[in-house]
Structure formats: C-alpha cells, structure tokens
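If you read the sequences in order, they're chains S and B.
Just so you know, we're using the numbering used here here: the first sequence kicks off at 1 and counts up by one.
Just so you know, we're using the numbering used here here: the second sequence kicks off at 91 and counts up by one.
Just the calculated beta-carbon pair ranges, DEER-fashion:
no. : chain 1 : residue 1 : chain 2 : residue 2 : range
1   : S       : Ala40     : B       : Ala686    : 48 to 58 angstroms
2   : S       : Asp73     : B       : Asp370    : 26 to 36 angstroms
3   : S       : Arg16     : B       : Thr699    : 52 to 62 angstroms
4   : S       : Asp73     : B       : Ser371    : 29 to 39 angstroms
5   : B       : Asp370    : S       : Arg2      : 19 to 29 angstroms
So, partial list: chain B residues that the calculated Cβ filter (under 8 angstroms) puts toward chain S:
no. : residue
6   : Thr326
7   : Gly336
8   : Ile344
9   : Cys386
10  : Lys558
11  : Gly669
Keep in mind that the hints were calculated from the coordinates and are not lab data.
Computed from a predicted model, the values in this text were never measured in an experiment.
Ideal Cβ placement from N, Cα and C applies to all residues, glycine included.
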Amino acid sequence: MRIYFASPLAKMIGQRDYDITVHSTVTVEEVVCLLSRRFAQTQVFQDDYPGKSYVPNLLMVLKNGRYLLKPQDCLENHDDLEIIPPIMGG
Amino acid sequence: MMTVGGYTGNIAYIDLTAGHMECRTTSEQDKRLWLGGSGMGAKILMEECKIDTHPLSPDNPLIFMTGPMTGTNIPGSGRHQVVTKSPLTEIYGEADAGGKWGAVLKRAGFDGLVFKGKSERPAYAFVHEKCVQILDANFLWGLDNYQVNEVLQERHGQDIAVASIGPAGENQVLIATILHEGKKGRSAGRGGLGAVMGSKNLKAVVVKGDNPIAVYDRVALQAQIDAVTPGIAEKTKGLQDYGTAGALIGSERIGDLPVKNWSQGTWSEIDKISGQTMADSIVKGKSKCHSCPVSCGRTVKSESGYGSVDGKGPEYETLGMFGGACMVSDLDAIVQANEICNRYGIDTISSGGAIAFLMDIYEQGLIADADITDVDGQQLKPLWGDAKAMISLLHSIGRQRGIGKLLGQGVRRAAEAIGNGTEDYAFHVKGLELPAHDPRAFNSLALGYATSNRGACHLQGGSYFFEKVAILPEIGIMEVLDRFRADNQGFVQACLQNTMSVMDSLKLCKFLFYGGIDLTIITGWLNALTGFNYTVEEVLTAGERIFTIKRMFNVQCGISSLDDTLPRRIAEVPRPDGGAADNLPPLAAMLIEYYAARGWDDHGRPLLTTINRLGLG
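Turn these sequences into a full structure, and let the hints guide you.
Dropping the structure here:
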C-alpha cells in the first residue's frame, strides 16, 4: 500500500510517500496509528495519537485519489492512500 | 407575561427620508416562531418590501438583525444578519457577519434596525441607549472602510462598533459589501447589500452600548456551555492552527477548488497560498468573534511590491477565488487584494468570480482587447495568474471605471452585456457568483446551490460539512456521508437547510458543527437562555418556516424550478483530473426528491398545505 503525504505533511515528514504491506484488510484508523508510530516526530500525528482515538477532522484520508474515508473504513494492500492536513473551514 | 431572555424586545424602524424613528416591540409569539436574525429579518422583509420594489429604491428595507444568542457567552454567538432585497440577484438577499457589532447593538438596546427611505444627504446612524440618531456624514463620504472606522472611533470612542460602506457601496456597485469594525474586516459580503446602503445615502451605522443581556437561567446555561466548550476546542484544532485557509490543500486534493474558472480539477501551485504557508510566513496573530473558542481569523503582515498590509488576512473563500479561480499563486498579491476589497467594500467571492470570468473570456477571444481598460483608461491584458491585472481590476470595480463598471455588476449582467457566448463562462446561480467550492466534488452542494434562497451559497445548507468531518444525529446523519451519493439527497438537503436557517436566526457560527455541537445541545442553550421550552423538532420546524418564507418571497419575485439550476459547464462538463474527476451531480433527480421532501409542487412553489402547516397562510 502506497501512502502519499500532501504538502505540508511531506515537508514535515521529510518524504513524499511511504510504502507499507498489509496481508489482510486493515482499517484507516489502524493505518494512521501505524504512521503515528513510524513518524513519531511529526506533531500533527501526535495531536491525534497515541492513546487517543482517531480524530478525523485533523487529518483526512483519500483513497485512490477519490474516496474520502472514515476511521473504520477498510483498506486492501493494493489501495493508494493520501493523508491530507486539516480540511475544516471555508 | 414572562421575560424572554436573549432579546431586548425592541426593533427600531428608521425612516431616513423623514429622519424619524419608531421603536416596535416584538411579540412573544414572533420570538418563538421566527427566533431572530435571519428568521425575523425574512418576516420583516416580507411585510415591508412590496414585490415590485426595486432593490436600490428608498422603499427597499435594509434590516440588521441579531439573534437571541448574539452577544451572550454561548460559543460562536458573535454574529448578526443583514437582510434586504438583493440588487445583485433581485430576489431575497441576506448576509451574515461576525465580530462584535451585533453584540454591541443588542447592548445598545435593540434586537434589530430596519432602515427605509433615503437620506437627502450622506448620513450615518448613531445607536446608543435605545435611541437612534441620524447624523451628517458629509465628512465621511468618499472615505474607505478603514478610514471611516478610524474617524468614527475618534469621534465616538474606542468602544463603538461600526458597520460601514466604502466607495463601492457609495457607487452602488452590485457586489458591494457592508464591512464591520474597519481593519478587523468583518464583512456582510454577499448579494450587494452595500449598494442598498449606498442607495440610502447611509454611510455607516455606529453602535455603542454596554447594557446586560437578559438570560432566563444563567446557571443552567453556563453549565451547559462549560460541558461542551473543551470538546469544541479539541475538535477544531485544525481551524485554530491554520484558520479557514487551512482547508485549501485538502480542497484542492479532493477536487473542491474552483481552479481556472472551474475548468481544472487540480492546481500545482496551491501550496504557495495555503493556510499552512500563511502560518509559516505572514501570519502574526489570530482574530476571533465575540465569545468564540476557535479563533479562525488571521492577522497578517505583508510587505511587497503590491503594498503593505498589517491587519486582516484572507480567508479560504478569498484565497480560493483570487488564487484558485484566477490562478494567482502570489500570496502577497492575494493579501493585498483582500485589503483592497475590504477598503472599497467589495465581495471577494463575487469579484474573484468576475475577474476569473474576464480572464477566461479574454483567453477565449470573446471580448475585444479595447474593451478591457483599467482605472486610468489604459488597456489591460488579464492573463491567468496575473496578480497585477487582478489588483488593477479590483480598483476599477471599486471606483467604477473602465471594465470595472461591467464586472461590478456581477458575472450574470456582465455576460449579458458582452454577449458573444460569454454566458457559458459566467458561474452563478440566480445571479450570485459561486463560492469557492465545486459542486462536482460534493453532489449535495449542487442541490444546495440550486435551491439556496440567495443564489449560489455553500452555507445555506452547509451539506459539505457532513461529507467531510461532521455528523448531526438529530436529522439522521450518524456518520460522515458519501460525497458522491445520489440517494436521499433531497430529504437531507431540506433538513440541513432548515438546520442552517436555525443557525442563521439564533446567530450561531456554523463551524460549531465541526466542534461536535448538535441540535440537542443548541436547543438546550436556547431554552436556558430564553425560558422557552423548545423541542429539537420545534426548532427544526422554525427553520423550515424560515426557509419557506424566503422561498415564498422569491416565488413572488418570479423564481421557479427553472431557476433552480447550475451553470451549464458545472452541470454538463466533468473535469478531467483531480479528486472529483468525471463526476457530474445528478441535479434533476435530486430536485424531484427535494421538492417532494419540501412539500413544494413541480414548479418549486410551496404547496398550500405546506404553507398552512407552517403558519404562513
């Protein structure tokens, strides 16, 4: 599963994308938890994690360039994700 | 008779022609049925505005209304409504503004002000201690909004709040705004309400007051507020950190941004103007409305070749229109454009839409080069992304010179005047330019734009909130909705429009829904504040009544299902790329379901049974 980070997340993390392999179905929440551990230095993840439930209004997850996901939505290994910074406002 | 908290009970009717004021008392029944704000304003407009009244004639009432929650310590209650017949759309017009002006008006002794007639000479109103004085404003005429605020603060003290028009309102530009509190830049922006104020020779409305606002059960209300305020703060962290502009990157990624006059689904320059970039470069502080735990406003400091700005920064909509729609990626230029609009009193959404329209038809060769002139009569070449041309065009709109005379009338009239097929590049519904959210990214927005009572508006239904992050259990939205769904759109849209009518009437910020606030919490606040015993159902019925009376006003103005539509290129032309590529909203099917859910006939007219059920017969 390839995970893209929208700007300015990419700048904060230091990379534009990140690959993970999942062998069964995982939820969005589980993927974001994994990212929060992998990129523990990134404040935006720490705002949500660890020990807190997924707060979808801090991050938005887009699947395959189109579908906005909810925390319990399921993902397969072949899905592409994009993690997008706050979407509130406007 | 019980004392109803939240209201002063007084509305001042000011005849500017005669220089006379009458204070009318609001009945308990009207408070209960119409709530205040938008609801009360709509009721008054229906009573006071004859259907053939020209919007810029003395007979058109200009109504400033607070809601019962305005000025209290309820979160997000620093708002008020301005209602009139819009000169831009020639149908029901209203706009909402934040800040403290509404709170100070109520503390001056009034729930609302209704201006009719026309002053013989430039005038301003001074509202203080349940009295309205009409004073000479010759010395203010010609000043911009920031200057007016400064001069009036010198005259009346720093504790006043000023609503004013700039040169655009004086010139009766049809996309003119009413600005509140000078450099704080709180705009009643949409529909050209500033032109109505200008047509009355009314330069400003100054309010001053510190009387307490009655609360029915102060202890209970405070307990309810305390119980939810930490949650609002936690859930709106994105807004707190980056302001409304923080949504720009996400908006571009999901295909929501109106890139290149609504023709592209992506824009690689978006990072340059995002809220995150603003935070790293020009932001120097936050600003907020009265009693707000979020602080989504931004103050900025910008020095560039476009000039210096030290004050209010641009919001999402401004960045979306000047940035996305016009493809200007120079943040300093957009900051300057925002400043120019505030000073002249020009709607950034409509002017951004008008400039994008001009850039588009210029590229298509549909307008003669000689017809595009600036303030000084010099020829302009409005190319995509040309920041200098954009700023020059804003000056020409504000001063009504050159091509600005045409653009200041909005895109519908501009396209009608130019002809040559340019209507296809004019993005509006019922004459109001589309805000910076593409309805091809949210099917519900398509229905919302088509049926909003003031023309294309993202906030009269606010449906996209609930397709990104928010839920609203009382109307059955238990989880975030799919933005491309086709089913059940009519019922949900009607429920959300009723809900937003309630918010516009109580005068609460709709961002509260991002903070997890729901209708049960709001109804609890309302009961503790007023002493009424509303149920959520009754509150929603009030919202339905309010939405419906506006539609009845519009039907009398000639609006029908034929007007509940979208620009052709939105309805029929999908975008080739981006997060909403290839999607076209199924508007016709959604409308059929919507009319049924509303209790309207096939022509979009409220049925007699609906009118009677809502007590509007």
